[in-house]
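> Just so we're aligned: 40 in the UniProt record's numbering is position 40 of the sequence shown, and the numbers increase by one with no gaps anywhere.
Fair warning: there could be bad hints in the mix.
[To be verified] With a Cα cut of at most 35 Å, we get these calculated DSBU-like pairs of lysine-lysine:
#1 LYS73 <-> LYS192
#2 LYS73 <-> LYS88
#3 LYS209 <-> LYS88
#4 LYS162 <-> LYS88
#5 LYS10 <-> LYS43
[To be verified] Ranges between beta-carbon positions, derived for each pair:
#6 LYS123 <-> GLN16: 17 to 27 Å
#7 ILE33 <-> PRO196: 18 to 28 Å
#8 LEU54 <-> GLY31: 15 to 25 Å
#9 ILE30 <-> LYS10: 36 to 46 Å
#10 GLY218 <-> GLU161: 37 to 47 Å
#11 ALA201 <-> ARG29: 24 to 34 Å
#12 LEU47 <-> THR159: 19 to 29 Å
#13 GLY39 <-> GLY218: 48 to 58 Å
#14 HIS64 <-> LYS10: 53 to 63 Å
#15 ILE30 <-> LEU128: 10 to 20 Å
It should be emphasised that the hints constitute simulated quantities derived from the structure, not laboratory data.
Beta carbons: idealized from backbone N, C-alpha and C, even for Gly.
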Amino acid sequence: MIAYDLPNPKQPALSQWLASNPHRFNLGRIGLILKKRDGSIAKISDLGSPSQQLNLWEGISESHFTIDDETVKVTTICDGQKDILGFKIQSALIPLNRLSLFIEFPYASLGYFSNGSDYTTPKSHQTLMSAITKNSVIFDRRLDSTTYQVGCAWTGNGTIEKKAAHRYIMHPAVSNGMTNTVEYIFDFSPSKINEPLPSFAAVKTSSIKHWADFWQSGVP
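All chains should be built: construct the whole structure from the sequences, respecting the hints.
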């Protein structure tokens, strides 16, 4: 590894700026929380038959795995024009209240060759919830002078639980007539979100059109 002359005593202000700004950071981390039959949280070692297939023509990823002999299928897509993610989760674990989703927000890491995330300094940044409804919420984020919003919407009347300063759990609705499917949409926006979030089907259509245009024209 090459050690660069930072800070440079001849140009302290410039070298400090280069060392500190701009630097990358992760906008958020999204994942599943799965419970085993005994109610304990599942680990990676508890999952079986993992598989993932990416449809390059349509930009759609499908993941499958099992837990306690129950199958979980996750379909992941990204809008063709905006920073919007869509997830469709299908599993018999949903009506059993054994599957939920989490999102957590890190601070930016200044470490060499890091993944850009620092989850150890919760007081260095801010996460607030606003526009909360029975099936949507907006997270207002601030890191130093950087601000952005993350809009989230889901199917059904689920609930959201704050577990820590920057970690939130989204529980699908559990009722007698509930299906085994739930859909989530996440919109990462540098500006204020003023419009309703699109449906999973709309994001899927956008993805398919975008990648069909790309493969047929070669223009991104």
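> For this structure, which hints from the list above don't hold up?
5
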